[in-house]
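Dock chains B, C and D against chain A, hints included.
There are 4 protein chains.
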Amino acid sequence: MAFRMQFLSDNAAAVHPHVWQALKAADTADTPYDTDALSRRLDEAFSELFEREVAALWVATGTAANCLALATMVQPHGAVLCHREAHIEMDEGGAPGFYLHGAKLVLAEGDGAKLTPETVRAALDPIRDDVHQVQVHALSLTQATEYGRCYRPEEMAALTSLARERGVKLHMDGARFANAAAYLGCVPAEVCGDVDALSFGCVKNGAMNAEAIVFFDPALADVARYRRKRAGHLQSKGRYLAAQLLAMLEGDLWLVNARAANAAAAEIASAGGRRLLHQVEANEVFLRCTAAERAALRAQGYGFYDWGPDAARFVAAWDTTEKDARALARAIESL
Amino acid sequence: MAFRMQFLSDNAAAVHPHVWQALKAADTADTPYDTDALSRRLDEAFSELFEREVAALWVATGTAANCLALATMVQPHGAVLCHREAHIEMDEGGAPGFYLHGAKLVLAEGDGAKLTPETVRAALDPIRDDVHQVQVHALSLTQATEYGRCYRPEEMAALTSLARERGVKLHMDGARFANAAAYLGCVPAEVCGDVDALSFGCVKNGAMNAEAIVFFDPALADVARYRRKRAGHLQSKGRYLAAQLLAMLEGDLWLVNARAANAAAAEIASAGGRRLLHQVEANEVFLRCTAAERAALRAQGYGFYDWGPDAARFVAAWDTTEKDARALARAIESL
Amino acid sequence: MAFRMQFLSDNAAAVHPHVWQALKAADTADTPYDTDALSRRLDEAFSELFEREVAALWVATGTAANCLALATMVQPHGAVLCHREAHIEMDEGGAPGFYLHGAKLVLAEGDGAKLTPETVRAALDPIRDDVHQVQVHALSLTQATEYGRCYRPEEMAALTSLARERGVKLHMDGARFANAAAYLGCVPAEVCGDVDALSFGCVKNGAMNAEAIVFFDPALADVARYRRKRAGHLQSKGRYLAAQLLAMLEGDLWLVNARAANAAAAEIASAGGRRLLHQVEANEVFLRCTAAERAALRAQGYGFYDWGPDAARFVAAWDTTEKDARALARAIESL
Amino acid sequence: MAFRMQFLSDNAAAVHPHVWQALKAADTADTPYDTDALSRRLDEAFSELFEREVAALWVATGTAANCLALATMVQPHGAVLCHREAHIEMDEGGAPGFYLHGAKLVLAEGDGAKLTPETVRAALDPIRDDVHQVQVHALSLTQATEYGRCYRPEEMAALTSLARERGVKLHMDGARFANAAAYLGCVPAEVCGDVDALSFGCVKNGAMNAEAIVFFDPALADVARYRRKRAGHLQSKGRYLAAQLLAMLEGDLWLVNARAANAAAAEIASAGGRRLLHQVEANEVFLRCTAAERAALRAQGYGFYDWGPDAARFVAAWDTTEKDARALARAIESL
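Protein chains in written order, with the numbering used here: chain A, 40 to 374; chain B, 40 to 374; chain C, 40 to 374; chain D, 40 to 374.
Fair warning: there could be bad hints in the mix.
A pair holds if it fits inside one copy or across any two, identical chains being indistinguishable in the list.
As the list claims (entries may be wrong) - In silico DMTMM-like pairs for lysine to aspartate or glutamate, Cα to Cα no more than 25 Å straight-line:
| no. | residue 1 | residue 2 |
| --- | --- | --- |
| 1 | K63 | E289 |
| 2 | K362 | D66 |
| 3 | K362 | E90 |
| 4 | K63 | D363 |
| 5 | K63 | E83 |
| 6 | K362 | E332 |
| 7 | K63 | D150 |
| 8 | K63 | D82 |
These aren't lab readings, by the way, just hints derived from the structure by calculation.
Bound conformation, chain A alone (with noise of 0.2 Å):
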């Protein structure tokens, strides 16, 4: 692919100049797994961010992070609740069904792949209290969803309650949750809300390979150790991946970082106007598009994904220049 491309997904980006330094520091040889001093320190620093005592594992992946901190809320005859375009349900592979032993997902609906209090009630009513039925154990919600849509905190508590009061648990796939903190301009605490698990991602966001899952029940981090091991996902040389994870706090680079990509965000979907799909609140921008409108944007240079027949989706990332995000801008203004 001859593509600039750097629109198909933030996933793929380069990693942060300080993230490296991190790395090279980290160099040296310390005791192995996550006994080193780097994974010591990263329940003190995660718990400092959310300005309440949480602790904090490093994992590679997003998939592995969600599916970690669900495995530690669901049994395997239970279920997870989460909307039907969620990524655990459309591009894990299969992940939560590994994970979880056999649970099921159950969608729901929302628009932007928003959960609310409405739709999560219409999943989980008509689900009988027997064991012919699956029962639901935890809510899985993604904050910035699948569509860059961000819930506030208002939302997140509305969520929250219901979630309690059905005795169900709450993870939040936090694959983009820098991106959110930026758009909402809130504390991380209120970001999250009230959720016992979440997946706080990195690696869209300047890190090469280390996520953290942060769980605000440590009953629940002392299970997801064992699960980790037992998913080969306790790296020997596990400081490199905390090293990604406090640099990525050090500095709020995190938030940094994510500013920068909503902004390019932002400059690109203010060239969309009515072919805008939702609403920016992120990094991630669908527009309507016809199919000759995307391969005249690709005769340009411009890489992105189609996003079904009459739609393409443009990613920025913490990398993406202003220069290139005012260029694709006006490209599509041109279109």
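Here is chains B, C and D on its own, set in the frame of chain A:
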């Protein structure tokens, strides 16, 4: 721990400079997962190494490599036969049970953690061929073994031939394949014999977090690709893993590094004399020594693991210096 | 419950006198599991029924039959395509997730719980052929469907041909296969078409606790035998299950019983008129009726399940008397 | 086989007349699954038997009973400690791996397949308390053991106390619980001690296909109910299973039958002398005998299993006649 500690394990050593260079060189956005240019070179690079058509997948850990390989060979109602002290039995936190969906490990004996046709037969023969007993679908052996012993080509041939005769697949855990190759002085194809899949270890040998699964039967690789994603091991910036593997192969760095580690181990072993529990053929040295002797060594700054109440394990890595190895040897002699 | 209740479900009816006789006749010690003389006659008996070589296994429940059959066709990383209201999706407590080790159910639409080539294609086509999405390995359909509708031979042919074209296996949930056969008036081989395995239901049709899994591909049966034991479904006194199945086949008792149930349902349906939600082709009748109407029927002693807020389901069994069916029909007419 | 064969196993004996009566008496339609009047009496009936509040579930096989019980106690990343020759390890076709989602069996030693606090400690102590090794979550023992030996109340107390001390749950495989109770002459509560769940066997003791899982902790039973359905073990005509269990309890039929079987075994054992491999405490007799001796016995019409190359196993059932037992005893004496 104030130990110089470099004999604890090769699994926490530094990353080799050539690997660092390759990582940095990969720091340009490319397509995600394993669709990038580097990942797409792996099949060819490993086919060249093994002088036959193979399919090679990157993965972050040896546990994932072993279990993904075995998952292509063993049905959930089957079993893997391995040595009683195999890493998959002792140290993978139950990962085989997870990846193989409840399949069993059937344990066999053998000096130095080496299987022999006799011990394999002794484990297989009592299993009645009926549904009440779990049937063995694959044999897994470790090269070099958990005690640093190597299978000679003729030993591999005998085991392979037994496996074929019994209709079971063959997997090699090559976490220290390089050390075995360095010791045996054979071409890679002879070091692994006619196995169906090989976990080709790099993390203990200078990489950061990349191992290769080499499939000698491409149909198995097709299954493994789905299972890797499903296990959350398909990293989106896979190019950084591919880069590590290619760097290890470039100029036979894998072999160069292993020779250095083996040489350091040989130096230490030269002081072992009657203390040696196992012939030293790779980079691990197991020595009888009392608690007092171990304390004395530690007091001099040497880090290593106890191996039961009366022994210690010393592991040399690619970056163990000749000087350190010699110093340790002298310290042992002086006990 | 003081209801006469016989329209609640066919799954709680009495055991047919011929089945009782066969059970008693089996009450002489024989070899255990499926090695007894009766179990060994099953393959032949079902081969005769289906006019081709099949392998038949007994099992105690329809859920086990369905899931053991599917487990021979679907890898853990794959999926089963079925109707949105299929029994395996709605009423088996997550058993497919358990037996298939986390494989997924992909849901398709269709009136009366019937799949069509169009709805199957609509469910299959959006699945990208890559590792991020779960691939369909088998198609499962129910004959008669959960709404008592039957697939005609030409409909089966179209679905079979589509399945072959897409490289997926085909399973039929025949919990009410007999009722479909009675309605269609075809030979059994035409009722099931060219599926790979069939759950041949008997419990709803006069047996106590025996269903048959009929494998049209003997290699699948070999796997199923191991999986049946592993699932704790290999009863030691298996002869009592084999006896039930043989009794059902003897003199076409399965067909005789199903005809009786269908006739009773037809009698009830005759009173349905515009209330009928689905054409009545087997032994289930779904009628629109208000809560008040349902209360009125119950007050007259009729037991049945509500079907959502505005409907009711009436099921006739092999032992539903003509008199009772007629009485219910009259009661419905009088509403 | 032309053998009179009644010493092969108690698992293929006839059904007791009282059980037949109870089955026939259940032949009136009732509500399905476990909602019928008979199933709803089980908790009370077993609570009376064990003189404390218990929850009891029917299930068709001992394998399902054992594994469903264990599945409530052991997380997928944990292990069950059992004897090296326990039924769950040797003869259940890998069912524990299936039901426990890949959890491991950790094997311990002990004469006559009996665990002791010493052998349990010897198996537990080497397991490091870290994520690399699989931790034991439950202990399973068999009463009477696979070699027909019985745990005395004080032995149960010692094991229970050890289990509590180590924080592991306790399960008893009571496939031949009745035979142990008959031998020990204790009340049922003493025969099982303070275990968390008991598989209360009936199939080997006069039932057709019903076992009870008795939960001494009701919270475990709630989980088991979901898991039973999910395993396809919730029969729709469950009343026929409940009827069998109630018939076994009625008038202590379970004890009467076991006493008869034990008496027959004692008769056979009386001829054993120095041939006896294990003290005969239940209904199984293991005798040293050569291949020629076994052939001689078989020529006289006695059916039994070889037990390795130099021994044979004879099992008496509830319906073994005194005459047959005496005849076998004489035949053994005459060898």
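Now the hints, each set against the structure:
1. K63 / E289: both (16 Å within a copy, 22 Å between copies)
2. K362 / D66: between (36 Å within a copy, 21 Å between copies)
3. K362 / E90: Classified as neither: same-chain Cα gap 37 Å, cross-chain 48 Å, threshold 25 Å.
4. K63 / D363: between (30 Å within a copy, 23 Å between copies)
5. K63 / E83: So K63 and E83 pass the 25 Å test inside one copy only (22 Å; across, 30 Å).
6. K362 / E332: within (21 Å within a copy, 66 Å between copies)
7. K63 / D150: This pair counts as neither: shortest intra-copy Cα distance 43 Å, inter-copy 41 Å.
8. K63 / D82: within (22 Å within a copy, 29 Å between copies)
Hints 3 and 7 from the earlier list are contradicted by this structure; the remaining hints agree with it.
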